[in-house]
Amino acid sequence: MADDLIIEALRVEAQAPPLIANISARFAPGLLTAIVGPNGAGKSTLLRAMAGVVPTQGTIRMGAADLTALRPAERARRLAYLPQVHELAWDISVADMVALGRFAYGAAPGRLSAEDKAAVDRAMAATGCIDLAHRGVTSLSGGEAALACLARVLAAETPVLLVDEPVGALDPANQYRVMECLAALAADGRTVVAVLHDLSLVAQFADTVLWMASGRLAAQTPATHDAFAQHVPALFARTPVFASDGSSALYFRRSQGT
Amino acid sequence: MTRLNLTLAAMLLLAAMLALATGPDGVSPSLFAGWLGGHDPAAAIILADIRLPRVLSAAVVGASLGLCGAALQGLTRNPLAEPGILGVSAAATLGATLTLYFGLAALFPWALPLGAIAGAALATLLLASAAVRTQGMASLILVGVGLSSLAGALMALILNFAPNPFSLSDLVNWTLGSVANRSLADLAMTAPLILVGALFLFAQRANLSLLTLGEPAAAAHGLDVRRTRIAIVAGTGIATGAAVALAGAVGFVGIVAPHLVRPWTRHDPGRTLAPSAWLGALLLVLADLVVRILPTDNELRLGVVAALAGAPVFTLIVLRRGRGASRG
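Read top to bottom, the protein sequences are chains A and C.
Numbered according to numbering that gives the first Met the number 0, the first sequence spans residues 0 to 257.
Numbered according to numbering that gives the first Met the number 0, the second sequence spans residues 0 to 327.
FYI, nobody ran anything at the bench for these hints, they're computed from the structure.
Since we're looking at a predicted model, the values are computed, not measured.
Glycine included, each C-beta is placed from N, C-alpha and C at the ideal position.
Hints should not be assumed to be uniformly reliable.
Beta-carbon label-pair distances, calculated as ranges [said to hold, decoys possible]:
#, chain 1, residue 1, chain 2, residue 2, range
1, C, S128, A, R10, 55 to 63 Å
2, A, D225, C, S128, 49 to 57 Å
3, C, L315, A, P232, 51 to 59 Å
4, A, P232, C, D223, 43 to 51 Å
5, A, N38, C, R319, 33 to 41 Å
6, A, G141, C, D223, 25 to 33 Å
7, A, G141, C, R319, 18 to 26 Å
8, C, V195, A, S112, 27 to 35 Å
Facing chain A, from chain C, some residues (calculated, C-beta under 8 Å) [to be verified]:
#, residue
9, R2
10, L139
11, D169
12, S208
13, L209
14, T211
15, H220
16, D223
17, G269
18, A306
In silico contact screen, one side only, chain A against chain C (beta carbon under 10 Å); selected entries [claimed, not checked]:
#, residue
19, R10
20, G51
21, R74
22, E86
23, G109
24, A113
Turn these sequences into a full structure, and let the hints guide you.
In structure tokens:
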């Protein structure tokens, strides 16, 4: 089994105050961790810092390997990252775009090994993108683009997967398909970290939760009813209601008098 | 993809043969045959000393501009980028005109090409240091725009202080862009530099493809963004500087060639590089042929024809993008 992903004293500064400060946490293989917090809490910045795409102070390591010291391609073979916003500059096909996920293994569009092709096919099947393969990426809807970009990140087949709001643009069927896919990857022994806003999905799929507020880590807890009852009102000033059918689903009620 | 490159290369070869065989009296295959047969000394002078360097210059400059345009568009993820946008062409033109202004070009024949390359090298150095320091691509483009404006202002200053009408016309002529009266010696000096720049750029093919995703996602997939940026800036700097040294300022080929080949390269920036170079060469060889056979009193300049044909295409691309058509 792979090593835990460990972050210590992570800090990202744009200007004062820092975007995130003093964040330490541990992410174990086999678990799906949700990062939860209000808008502007620093969730995306934390994911960017862990992915190594913003200048960051602090430690990010897996076992003995210091991820910040690795060459970009070596890091990309251990850790894949799906940004929140999908920039697709040219009208390349979905299949070519997903194949870019194999870059760290020496692949390029039109130059894929059998292993690369198999990984691309698996990723497209898992996200339901096979029918989109020959579409140009600039003609995709928001949800289709989100699925195709997730496929690209899955194609890297890394031990660690960092995804920023993977279901924000998706319809309910696709939301559950993607969450089931992420949960299956975690069950398969990968370390999956997802920024999620839909707390009902968090309650149903996540194993642990990082609760964030104002650029700091409020707590890291298992995804239990007690944890939701304690942290959700503190972070969002709303009280969650748990479904009475015994599932983990939860929802919120409209405020009185509105 | 290889088929596209072969097709364009074959078309370039045909266009080059046509250009070699065409003179003021029209197409003369017999002159061509005389030269190849080795029994016509006049044909050898006309073809080997006058037409061949001219056709080769047009091809080499066109290839350089097409390739640099494709690479810069991939780097900036903007189909309107070209060597001019980073100010390298303007700085190279300034370097060349400075040698004309101070009379160095008249004293020492290699002064002008050296001046152009020095201008491009200086601009490239400034851009490379900016590429190391800046985070985003937009700021690098703005540095280029600033550099371009400064070079333009200094050009205006030189024209302002031109000592007499003759040197003014010399200076203006240089800025129009042409491959007339080039020698094989001029080519021998500049073509290797263009090749060096081209090798820098071709090495970045896969990196340019990955940059389709934007810099953060590309970096997460394992791209060394800073090194890629420096290599592309250096490659375009060297290749563009040498091209300007050979032909002066020739615009728009760098925008038009990649735009035209993109539908056949599946819009992939990496696979757009080589066909853009072939098509750039083809376009300039044909444009120079047109310039030679048009019966004007003063020969029309290649740079002028390129701008007259290229500017409307440029505007069309802008308008199509504005209507929300797919990018590129």
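Going down the list of hints, with the structure as the test:
| no. | hint | verdict |
| --- | --- | --- |
| 1 | S128(C) with R10(A): 55 to 63 Å | violated, 28 Å |
| 2 | D225(A) with S128(C): 49 to 57 Å | holds, 56 Å |
| 3 | L315(C) with P232(A): 51 to 59 Å | holds, 58 Å |
| 4 | P232(A) with D223(C): 43 to 51 Å | holds, 45 Å |
| 5 | N38(A) with R319(C): 33 to 41 Å | holds, 37 Å |
| 6 | G141(A) with D223(C): 25 to 33 Å | holds, 30 Å |
| 7 | G141(A) with R319(C): 18 to 26 Å | holds, 23 Å |
| 8 | V195(C) with S112(A): 27 to 35 Å | holds, 31 Å |
| 9 | R2 | violated, 13 Å |
| 10 | L139 | violated, 16 Å |
| 11 | D169 | violated, 42 Å |
| 12 | S208 | holds, 5 Å |
| 13 | L209 | holds, 5 Å |
| 14 | T211 | holds, 5 Å |
| 15 | H220 | holds, 5 Å |
| 16 | D223 | holds, 5 Å |
| 17 | G269 | holds, 6 Å |
| 18 | A306 | violated, 26 Å |
| 19 | R10 | violated, 18 Å |
| 20 | G51 | holds, 7 Å |
| 21 | R74 | holds, 7 Å |
| 22 | E86 | holds, 3 Å |
| 23 | G109 | holds, 6 Å |
| 24 | A113 | violated, 18 Å |
In this structure, the hints that do not hold are numbers 1, 9, 10, 11, 18, 19 and 24, in rising order.
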